[in-house]
Amino acid sequence: MQIIVNGVERRLRATTLAQALDELDYGDTIIATALNGRFVAAAARASTVLANGDALEIVAPMQGG
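What the sequence shown shows, in this note's numbering, is residues 18 to 82, in sequence order.
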């Protein structure tokens with residue numbers, strides 16, 4: 018399946034958001050996710066189905082002052 022991850026087109030085998038994050042090596046990293054411009058809570062990632070052409074944004078929290 019072809020999806021866009023943070024602006025870059027990627028081919029993944031994953032069918033759910035949780036599987037995609039594993040395939041992209043995010044594992045247990047604390048991140049925020051949005052699919053097609055809509056926030057997806059961590060608890061909903063396993064049940065969030067991906068479709069060809071979806072746009073996924075992954076954001077990691079940053080420390081600073």
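To be clear, the hints were calculated from the coordinates, so they are not data collected in a lab.
Source: prediction; values computed, not measured.
All C-beta atoms in this analysis are idealised placements derived from N, C-alpha and C, irrespective of residue type, glycine included.
Accuracy of the hints is not assured; some may be wrong.
[Said to hold, decoys possible] Using C-beta positions, here's what the derived DEER-type ranges look like:
| no. | residue 1 | residue 2 | range |
| --- | --- | --- | --- |
| 1 | 18 | 81 | 15 to 23 Å |
| 2 | 81 | 23 | 29 to 37 Å |
| 3 | 61 | 30 | 14 to 22 Å |
| 4 | 19 | 80 | 32 to 40 Å |
Among all the numbered hints in the text so far, which are the ones the structure does not match? 1 and 2
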